[in-house]
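Novice: Those sequence lines, one after another, are chains R and H. Just so we're aligned, residue 847 is where the first sequence starts under this note's numbering, counting upward by one. Just so we're aligned, residue 102 is where the second sequence starts under this note's numbering, counting upward by one.
Hints are computed from structural coordinates only; laboratory data are not their basis. A couple of the hints might just be wrong.
What the hints assert, rightly or not - Restricting the straight-line Cα-Cα distance to at most 25 angstroms, the calculated cross-link-like pairs of lysine to aspartate or glutamate (DMTMM-like) are:
1) K127/H x D1035/R
2) K988/R x D304/H
3) K1012/R x D297/H
4) K1015/R x D297/H
5) K127/H x D109/H
6) K988/R x D109/H
7) K143/H x D165/H
8) K147/H x D126/H
9) K205/H x D997/R
10) K1012/R x D253/H
11) K143/H x D188/H
12) K988/R x E222/H
13) K147/H x D1049/R
14) K143/H x D1031/R
15) K143/H x D1049/R
16) K127/H x D1049/R
17) K127/H x D162/H
18) K147/H x D1035/R
19) K205/H x E221/H
20) K127/H x D253/H
21) K127/H x E166/H
22) K143/H x D213/H
23) K205/H x E237/H
24) K143/H x D1042/R
25) K205/H x E971/R
26) K988/R x D1022/R
27) K988/R x E135/H
28) K205/H x E222/H
29) K143/H x D1022/R
30) K143/H x E166/H
31) K977/R x D238/H
32) K143/H x E159/H
33) K1012/R x D304/H
34) K1015/R x D1049/R
35) K1015/R x D1042/R
36) K205/H x D990/R
37) K988/R x D115/H
38) K127/H x D1031/R
39) K1015/R x D304/H
40) K127/H x D165/H
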Amino acid sequence: MAMLIAGYGMLMSLRHVGMHGARDVGQGFSLEIMGAHTYTWALFSYWVCVLATGALLLLVRPAHLAIEVRTLNMLERVTGWVFVVVVGGNIVQAFASTGPPPFMGQSDPIRFSFNPRHWHWSLEEWRPPIKVAFRGRWAVRKPDVTAAIPDPATGPLGTLPALAVKGRKPIGLSLDGPPTDLAYDAATDRFLITIDAGIYLADASLA
Amino acid sequence: MKSHPIIDVGFSVDLGRFAGAVFLDKGELIAVGENKSYVVLKPNDKANADSNFRYFRESRDQFDEVARSRFGTVRARMLYIMSAAYDAASNSIYTITVPSNVVKRMVVSRFDRRDMVLSEELVPTLARSAGLTLGEDRSLGEYMITGAAVGDGQLYAISAAHSTLLTLDLATHRIVAAHVVPGLRNPVGLAARGSDLYLLGADGTVTVVARP
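Okay, chain R solo, but in the shape it has when bound (with noise of 0.2 angstroms):
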C-alpha cells in the first residue's frame, strides 16, 4: 500500500514538477522551501519513500510475517492521529477550495479562507470548445505538406499577382525519398536537398 501511494504521488508531483521544473532560475509555482519548491519536495518525499519501503522489504524475514497483533506505543499512535489530523484538513481545504462536482479545481490554486463569501467555486473548465484528446489538449498532430490546400484563390490574402515562371524542370539526382528543402551556397555554387534523414549535396545543375 506504501508503495502504490508512493507511486501515485511521485506521479502527481512530477507532473508539477514537469510543468514548471524547467523554468528560470528562482521561478516556480507557490512557495519555495530551502530553495526549492513545493512540488519539488514531494516528489523528494515520495521517492524516498519509495526507497525506505524497498529498504524495509529487504530485512523482512520470515519470522516477521507470523500473525500476530501488535499494539501500538505512544509514539506511534500520536504519528497516526497527526497524520489523519492532515488528510483531514486537506479534505477540507480541497473542498472548499473547489466545492462539489460538477465544479472543478482551477489550474492555479485560490487562497484558501475559512469563510465561505471568499471561496469561489468553478466551472470555467466546462466552457466549450471542451478540448478531450488521449495525449491532451497540446497534442499537436505532426504537419503534412500533401495536406494543404494548394489554391491561391483560397488564401487569408485573397487574390494575389502572379510570378512569371521562367523555368521548370525535375532535379537530375536519384534521391532515396520525397525531398524536404532546398538550399543554394553562391560560395561553391552547389545546391543542397534534404530528405528525411539525409542530405544532397548537388552542383548548380541539380545533378
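Fit chain H to the supplied structure of chain R, relying on the hints for placement.
Specialist: Coordinates of chain H only, in the frame set by chain R:
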C-alpha cells in the same frame, strides 16, 4: 551528386524529420528537423569513417558532425517548423512555424549563429505600402511555410498552403509582397540563387522564378 550523408537521427538528440537545411559560414551546413532539433555538419574528404560510425549511416568518410542540439523558442514553442534560412549579414538562422491542428500562428524565430540561441522572435504583419488585405477572420498563420531563403534583407518564404510566396522585410518585420506561383504544387523547399528563386516541389520538380 557530390556526396550523400545519411544521419542516424535517433542517436542522441532526436532530429525527427529534416524540414530545413542551409549552408552556413566556415564551410558548414545545418539540417533542422521539424521539431527544431538540428545537426551541424562539415564536409571533410578525410573524415574518419570508423570514428563517424556513431553519427552517420552513409558517407561516414566525407562528413564530420560538428554539433547536434535543439533550438529553444518562446512564441514558436509547441509549433513545428518546415523551413530554415541563413542570413549571412546578421550571421543568423531563421525558422518559421507552420499551422497545427491546435493553433494557426506564423512565428519567425532568429537564432544567433555564434551560440545558436534564440535572439529574436517576430509575428509578421502586413506592410501598409504592400496593398495587401487579410480576409475577414483570416490570418497569416494559415500559410504553411515549407521553404525559406534570405537575400538582401528580405526573407522569402514559400507556402504549401495556397502556393503563395511571401516577402518579409527583416528590418520592419512586415510582409511587403505576396505572389502566387502558377502551377506550383506541394512546394517543400526554396533557395535563392542570384536574382532567381528556386522552388522545389515534393515530386522533385524545380520551378524557377525571378525574385519579386
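Novice: With a cut-off of 25 angstroms on the C-alpha distance, tell me whether K205/H and E237/H pass.
Specialist: Status holds; Cα separation ~15 angstroms.
Novice: Is the hinted pair K127/H and E166/H satisfied, with a Cα-Cα distance of at most 25 angstroms?
Specialist: This hinted pair holds, its Cα atoms lying about 14 angstroms apart.
Novice: Would the hint linking K127/H and D1031/R be met if the CA-CA limit is 25 angstroms?
Specialist: Measuring from Cα to Cα gives roughly 12 angstroms; hence the hint holds.
Novice: Can the restraint linking K1012/R and D304/H be considered satisfied, given a maximum Cα separation of 25 angstroms?
Specialist: Distance of about 19 angstroms is within 25 angstroms: holds.
Novice: Does D304/H lie within 25 angstroms of K1015/R when you go C-alpha to C-alpha?
Specialist: Holds: K1015/R and D304/H sit about 11 angstroms apart, inside 25 angstroms.
Novice: Please verify whether K147/H and D126/H have alpha carbons no more than 25 angstroms apart.
Specialist: Status holds; Cα separation ~20 angstroms.
Novice: Is the straight-line distance between the alpha-carbon of K147/H and that of D1049/R 25 angstroms or less?
Specialist: With a Cα-Cα distance of about 20 angstroms, the restraint between K147/H and D1049/R holds, given a limit of 25 angstroms.
Novice: Can the restraint linking K205/H and D997/R be considered satisfied, given a maximum Cα separation of 25 angstroms?
Specialist: Holds: K205/H and D997/R sit about 18 angstroms apart, inside 25 angstroms.
Novice: Need the status of pair K1015/R, D297/H: alpha-carbon distance at most 25 angstroms?
Specialist: Answer holds: K1015/R to D297/H is near 15 angstroms, not above 25 angstroms.
Novice: Between K988/R and D115/H, is the straight-line Cα distance small enough, at 25 angstroms or below?
Specialist: With a Cα-Cα distance of about 14 angstroms, the restraint between K988/R and D115/H holds, given a limit of 25 angstroms.
Novice: Below or equal to 25 angstroms on CA atoms is what counts here, so check K988/R against E135/H.
Specialist: 8 angstroms, holds
Novice: Take the C-alpha atoms of K143/H and D165/H, compute the straight-line distance between them, and say whether it is at most 25 angstroms.
Specialist: Satisfied, since the Cα-Cα distance of roughly 5 angstroms is no more than 25 angstroms.
The structure fails none of the hints (numbered hints given earlier).
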